[in-house]
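Here the protein sequences line up with chains A and B, keeping their order. If you use our numbering, the first sequence corresponds to residues 539 to 649, in order. If you use our numbering, the second sequence corresponds to residues 2 to 116, in order.
Hints listed in this document are in silico derivations from the structure and should not be mistaken for laboratory results. The reader is advised that the hints may include incorrect statements.
Unchecked claim - If you want a taste of the chain B side facing chain A, the calculated C-beta under 8 Å gives, among others:
| hint | residue |
| --- | --- |
| 1 | Q45 |
| 2 | F92 |
| 3 | Q103 |
| 4 | G107 |
Source: prediction; values computed, not measured. All residues carry an ideal CB built from backbone N, CA and C; glycine is no exception.
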Amino acid sequence: SQTIHQWPATLVQPVGSPLSLECTVEGTSNPNLYWYRQAAGRGLQLLFYSVGIGQISSEVPQNLSASRPQDRQFILSSKKLLLSDSGFYLCAWSVSAVEAFFGQGTRLTVV
Amino acid sequence: AQTVTQSQPEMSVQEAETVTLSCTYDTSESDYYLFWYKQPPSRQMILVIRQEAYKQQNATENRFSVNFQKAAKSFSLKISDSQLGDAAMYFCAYRSLFTGNQFYFGTGTSLTVIP
Numbered sequence: 539s540q541t542i543h544q545w546p547a548t549l550v551q552p553v554g555s556p557l558s559l560e561c562t563v564e565g566t567s568n569p570n571l572y573w574y575r576q577a578a579g580r581g582l583q584l585l586f587y588s589v590g591i592g593q594i595s596s597e598v599p600q601n602l603s604a605s606r607p608q609d610r611q612f613i614l615s616s617k618k619l620l621l622s623d624s625g626f627y628l629c630a631w632s633v634s635a636v637e638a639f640f641g642q643g644t645r646l647t648v649v
Numbered sequence: 002a003q004t005v006t007q008s009q010p011e012m013s014v015q016e017a018e019t020v021t022l023s024c025t026y027d028t029s030e031s032d033y034y035l036f037w038y039k040q041p042p043s044r045q046m047i048l049v050i051r052q053e054a055y056k057q058q059n060a061t062e063n064r065f066s067v068n069f070q071k072a073a074k075s076f077s078l079k080i081s082d083s084q085l086g087d088a089a090m091y092f093c094a095y096r097s098l099f100t101g102n103q104f105y106f107g108t109g110t111s112l113t114v115i116p
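Isolated chain B, as found in the complex (with noise of 0.2 Å):
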């Protein structure tokens, strides 16, 4: 099974700076999606950004970005002008393109935006 590892339990950033989170996965297979998702407080999943794997140009919604390395099997996430609201868990997630039935989820970033 693919494997999803995020090593920051937590970050903390000031409101209106940059924030980059980190995200590692293994996997055998060429083709698969990437995904960021934000859990606030109310515990509602949210899809931040998504990333297709035989797409070499970084996905971008608004402030945020991802930069997306596929021989590194890395996949972080910038947020931009960070807002309060920006405060959450989240989580980055696979997909396989072809037995792509399974998500496979890391075990999350706690994200503080400091005043």
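So that you can see chain A by itself, here it is in the shape it has in the complex (with noise of 0.2 Å):
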């Protein structure tokens, strides 16, 4: 079966510290990968997406980028965070036309 880690759980880094949050989905080939922020009690918001080892495509402009090393690991990351990058980051995949499957979430406190 499949299966998504997301890791750390929870993390706390200083302004303009580096970030970097890892994604790894097992039991799938070639899944679409997907980085969502969620400010508190607000709605989903699309950071970056990937349709394969490479390829990622940017929606939200701003100091995140992200990466595809390796077909099943997907990698967000800063090198300088702001206090606007705290939030709740959430890792979801999927294959053909359905469902995401989401990670448990990272939750960043930027300080």
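Make the complex out of the two chains shown on their own, each in a separate frame, by following the hints.
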């Protein structure tokens, strides 16, 4: 069966520090991969999605970037975090035109 | 880009009663998927129900059912016999069948279940 792993679960980082959130999927090949951000009490904002290795589409220009170095690995990064980067980050995967499956999320607090 | 609108930020229902959550969307496409996701306090996103636009029959999953009105671009979720465990944020989502790489989510409805 397919599973998705996202880590860390919680992260507190100072302003200006780098960020690396990782997401891996097991049990499927060539999935579409997504990074979403959810501000407190708000909906999901699509940050990046990827349809294959090295193929990244950005929805919201900001100081975040994403990479897909392997088929089932998706990484969200920042060189210098801002206070506004605080939020709940969700990784998700899908295949074909079916539903998205989500990781358990990372709560990021920038202080 | 497609837009998904959930006009009810908060809803409440008595335990064992029925509640309907509303969702409308805007698209020029004829074939697509619609979803309802549940996000409990743990914040894990859980798929509740899925509807294919080319199917006229409304989807049903146990106590959860949808009222899909394609012409009106409306996709409401009905929860019957509400339980305390149904308390959560509910998100409506859209996915194109053809350019199906992106999911578009509404802003969510927070459902409270009153004992």
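Open item on the list: For each hint given before, does the structure comply? Return the numbers of the non-compliant ones in rising order.
Closed with: Of the numbered hints given earlier, the structure breaks none, since each of them holds.
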